[in-house]
Amino acid sequence: MTDKLEAIKNRFIEVGEMLVQPDIMSDMNNYSKLSKEYKDLERIVNKYDEYQKVLNDIESAKALLETEKDPEFRNMAKAELDKLNPEKVNIEEELKQLLIPKDPNDSKNAILEIRAGTGGDEAAIFAGDLFRMYQRFCERMKWKLNLLDLTDGTSGGYKEIICTVSGEDVYGKLKFESGVHRVQRVPTTETQGRVHTSAASVAVLPEMEDVEVEIDMNDVRKDTFCSSGPGGQSVNTTYSAIRLTHIPSGIVVSCQDEKSQLKNLDKALKVLRSRLYEMELKKHNEQIGEKRKSMVGSGDRSDKIRTYNFPQSRVTDHRINYSVYNLQSVMDGDIEDFIEKLRIAENAERLKVGQSEN
Numbered sequence: 001m002t003d004k005l006e007a008i009k010n011r012f013i014e015v016g017e018m019l020v021q022p023d024i025m026s027d028m029n030n031y032s033k034l035s036k037e038y039k040d041l042e043r044i045v046n047k048y049d050e051y052q053k054v055l056n057d058i059e060s061a062k063a064l065l066e067t068e069k070d071p072e073f074r075n076m077a078k079a080e081l082d083k084l085n086p087e088k089v090n091i092e093e094e095l096k097q098l099l100i101p102k103d104p105n106d107s108k109n110a111i112l113e114i115r116a117g118t119g120g121d122e123a124a125i126f127a128g129d130l131f132r133m134y135q136r137f138c139e140r141m142k143w144k145l146n147l148l149d150l151t152d153g154t155s156g157g158y159k160e161i162i163c164t165v166s167g168e169d170v171y172g173k174l175k176f177e178s179g180v181h182r183v184q185r186v187p188t189t190e191t192q193g194r195v196h197t198s199a200a201s202v203a204v205l206p207e208m209e210d211v212e213v214e215i216d217m218n219d220v221r222k223d224t225f226c227s228s229g230p231g232g233q234s235v236n237t238t239y240s241a242i243r244l245t246h247i248p249s250g251i252v253v254s255c256q257d258e259k260s261q262l263k264n265l266d267k268a269l270k271v272l273r274s275r276l277y278e279m280e281l282k283k284h285n286e287q288i289g290e291k292r293k294s295m296v297g298s299g300d301r302s303d304k305i306r307t308y309n310f311p312q313s314r315v316t317d318h319r320i321n322y323s324v325y326n327l328q329s330v331m332d333g334d335i336e337d338f339i340e341k342l343r344i345a346e347n348a349e350r351l352k353v354g355q356s357e358n
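Just so we're aligned, residue 1 is where the sequence shown starts under our numbering, counting upward by one.
Hint data in this document are derived by calculation from the structure and do not stem from the laboratory. Some hints here could point you the wrong way.
The calculated BS3-like cross-link candidates involving lysine-lysine, where the alpha carbons are at most 27 angstroms apart (straight line), are [as the list claims (entries may be wrong)]:
(1) K142 / K39
(2) K88 / K78
(3) K102 / K142
(4) K102 / K47
All chains should be modelled from the sequences, with the hints used to inform the complete structure.
Shown next, in the form of structure tokens:
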């Protein structure tokens, strides 16, 4: 582990020197990538420096025990070792966690898609509740959420709603939300007071750049249509909304958020790239087999991941068998506790896989 940490420290110093070079500073793309690398490495290097200090302090305390005859000084050295040895173990564990290879997509922005599932009108209302939950979470995280496309439910909520989320480490946090979310409650349309179970699916995709996923526009059919819903004078008067059909895969993407057809096209292409990436990733995961697939972070839209039980005010995440009894707080965007526990569980799985492969 020490050799790896030394190599990381050397790279950290090298990147720091590169960042002050004029030719690097004038190339914003390169500068941005190096700045991010520097920031990622800094956390590891700071923890490694802390680890080295603890090791040096342990050696000093041991040397004092070997040479010192005075009982008072020996007792002080023993007390210092009793404090430093557990600290050393804790820092080693933290370094192991930091050295787990990160998903390269974690730092990307994300496409968030919510669709009503089984349950009719109640499923659409629940999809609307989930969207509001993610809106509140984005506000807490100081992320920016932009609407791309939506289809209203007949009694409220949404049959489907798609948006982009931009900010720091968006995909790394939101990726754990992909899957089927169930709700158990008495719908407003229920006259007998019976609890119903409805569902909505959530898909979180990393927003891919055009250099990462190439699209042959000869394979794409582009249709224009009038926007619907709020939007001012351009609604139903100009053909600004865009529908893209990727003929080889059959993927269809729509965007009607912007008044400009060009801007809607740009946003729709981002969603299409992300969905094509998701399709390729699914094939890749099937090829490498179960051993290297994380149950926690698989992102499969068909996985039943969480239940929101209103009568008991309970929210249960089935992947980690974790429940909380503050449903209203969760629906108000307080989901970071779930995300952090899922991140820890995913890291534990990846650590096990890494150890079994070494």
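Practice problem: For the pair supplied as a hint, K102 and K142, confirm whether the alpha-carbon distance does not exceed 27 angstroms. | Solution: It holds: about 23 angstroms lies between the C-alpha atoms, which stays within 27 angstroms.
Quiz prompt | Restraint check for K88 with K78, where alpha carbons must lie at most 27 angstroms apart | solution = 15 angstroms, holds
Quiz item: If you draw a straight line from the CA of K102 to the CA of K47, is it 27 angstroms or shorter?
Solution: 17 angstroms, holds
Self-check item: Pair hint K142 and K39, alpha-carbon separation not exceeding 27 angstroms
Solution: This hinted pair holds, its Cα atoms lying about 19 angstroms apart.
Comparing the model with each earlier hint shows no violations; every hint is respected.
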